[in-house]
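Enquirer: Go by the hints and put chain B onto chain A.
Respectively, the protein sequence lines represent chains A and B.
Counted the way my numbering counts, the first sequence spans residues 1 to 358.
Counted the way my numbering counts, the second sequence spans residues 359 to 648.
Derived from the structure by calculation, the hints contain no laboratory data.
From the three backbone atoms N, C-alpha and C, an ideal C-beta is built for every residue, glycine too.
There may be inaccurate statements among the hints.
Said to hold, decoys possible - Mimicking EDC-like on lysine to aspartate or glutamate, the simulated pairs with C-alpha atoms at most 20 angstroms apart in a straight line are:
#  : chain 1 : residue 1 : chain 2 : residue 2
1  : A       : K343      : A       : E230
2  : A       : K356      : A       : D255
3  : B       : K606      : B       : E418
4  : A       : K184      : A       : D200
5  : A       : K107      : B       : D553
6  : A       : K184      : A       : D34
7  : A       : K80       : B       : D553
8  : A       : K80       : B       : E538
9  : A       : K184      : A       : D143
10 : B       : K606      : B       : E413
11 : B       : K562      : A       : E100
12 : A       : K293      : A       : E314
Unchecked claim - One-sided excerpt, in silico: chain A residues whose CB lies under 10 angstroms from chain B:
#  : residue
13 : F87
14 : Q88
15 : F89
16 : T95
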Amino acid sequence: MAQITLSNLAHSYGSNGLHEEDFALKAMNHVWQDGGSYALLGPSGCGKTTLLNIISGLVTPSQGRVLFDDIDVTHVPTEKRNIAQVFQFPVVYDTLTVRENLAFPLKNRGLTASAIDARVVLIAEMIGLMATLDTQARGLTPDAKQKISLGRGLVRESVNAILFDEPLTVIDPLLKWELRAQLKALHRQFGHTMIYVTHDQTEALTFAEQVVMLHEGRVVQMGTPEALFETPEHTFVGHFIGSPGMNLLDAEIADNHALIAGYSVPLGARYATLAGRTQIGIRPEYIEFSADKGLPVQIQRIDDVGHRRIVRAEAAGCAIAVSLAEGTALDATMTHVQFVPEKINVYADDWRVQGKVV
Amino acid sequence: MGKRQNNTAWLLVLPVLILVAFSAVIPLMTVVNYAFNDTFGNNQFFWNGWGWFEEMVRSERLHAALGRQVLFTGCILIIEVPLGIVVALNMPKKGFWASVCLVLMALPLLIPFNVVGTIWQIFCRVDIGLLGRATAALGIDYNYTNDPFDAWVTLIVMDVWHWTSLVALLCYAGLRSIPEAYYQAARIDQANRWDVFRYIELPKLSGVLLIAVLLRFIDSFMIYTEPFVVTGGGPGNSTTFLSIDLVKMAIGQFDLGPAAAFSLMYFLIILLISWVFYTVMITIDPQEGR
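The following block holds chain A by itself, in its conformation from the complex (with noise of 0.2 angstroms):
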């Protein structure tokens, strides 16, 4: 297990790379807690699997150096790091049983017949694969070869990470939240440093303590699932995580007032004079619907998406959507919403400003 650090990391695929459009990830420093776990959230295309295969040793990165602990790894091939990693579908030695499959790396290792058996015993019993222990790989169903190749990763006590490379692609929905929860799990029992890629938000929230999101080759954000939803530092992240997202306004800043179309909100924080494109951005779930006080409203559509209902609506010459929990009233009478002033962020820019509070 180990912490590690991204200095000064960037990686370009081209040639040289020397305008920073040419750079697939862009500048970063980071330094990633031991036995944390950690999701790489973001699009495709956003440089998330090229930072992973820098970290697992595949790409060696064209700036910076990455380190596990204090060594420096930058230019260790993957077989010398002590890393695990899970790919997009199961990879698993097809000829060989489960028990052999999850023996191999510790095989290899050059451990005693009897510690190995210990291992693979105790971790197939974690993981729910001691039924099918001497059962030849190749018959099993696609999420028991993913929990092989999981327990591969797990069989070696002194792993530095494990790393997952959008390891539920290909497995059944229901059977995702099992795993999820199992990997979750493991993560408390074992302490591992985890790495997990996804460029889904339900996935990357449920599964880690921080959340690391990517855009365009740059990391927007990272930080706890709480902070993502509440304070997302880039109006990509307000967009991106939710559903839906964030809605964004048009706003002039004064003060502790934003002014949309004419119209006064009322703003939870004081903020200094903004330069740039000035945008508020408020989730669906902190608007509320009233019949006289805030912006005026017309709505197009209700969407009933179980446990809430989406409103889609124009205020004030723009698109919003409202999240309103079960229950909630609404009816012909309201005519306007309201934002809730502490949940209000302020942009510039794209940018989060980080207000004076009152």
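Expert: Chain B only, in chain A's frame:
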């Protein structure tokens, strides 16, 4: 509801039926006819029952040809399959040289069989052939026209030259289809090269290898043209394989009855072994369980 079945569409199948009848069924039936009858010419046939079959089953000549055939097919399979795998493993994976390799490897497969025979017939001749002259100059006693062993070596080397590419290309395609993640996982597990071959590459190749073995088995078991051109079945009968013997019997000696019985049994042997291969392939596939 009493829907009337319209059977006129069957007429559309008729052309194919006629075509297949003329191309396969009728010739085969002619052979069957010869196999159960005896004739002294004039298109007069006398019923002979299983006579020719019994004679052929006991024929030492056929036993010897079958023995040589099995030995030949066995030899080329033992050489070509592992060699093809080794070649495929060492071929460049991409870029200019991969294309060069593919073209070079495909070349022998494109040469007509009798041309292959002629090439090797001349190449190995002691008087004018490059190989024959070279071995003579090196003091090696080599002459495929009068030494049975040399004749066998020549034919096997020729077949290996001609067909190893097929096995190699099939394996190459099989290897390319293995996702990179398997190799990455093996590196992470610190597997050595042999383990990678044994636990990843070979299991993933099992499908194409079965096809390769099946194709090479059928082809080599029916080999005719190349040995006919190079050795003509000699010296003596030492390279007279089943097809060559069959042609000698049917056209050389005009023993149509025995030859027909012989060819039917030959056909059944190939059918039987192909069926076994097919069954094995079918039973292996579902186990993939993807």
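Enquirer: Run through the hints listed earlier and report the numbers of any the structure violates, in increasing order.
Expert: Per hint list: zero violations.
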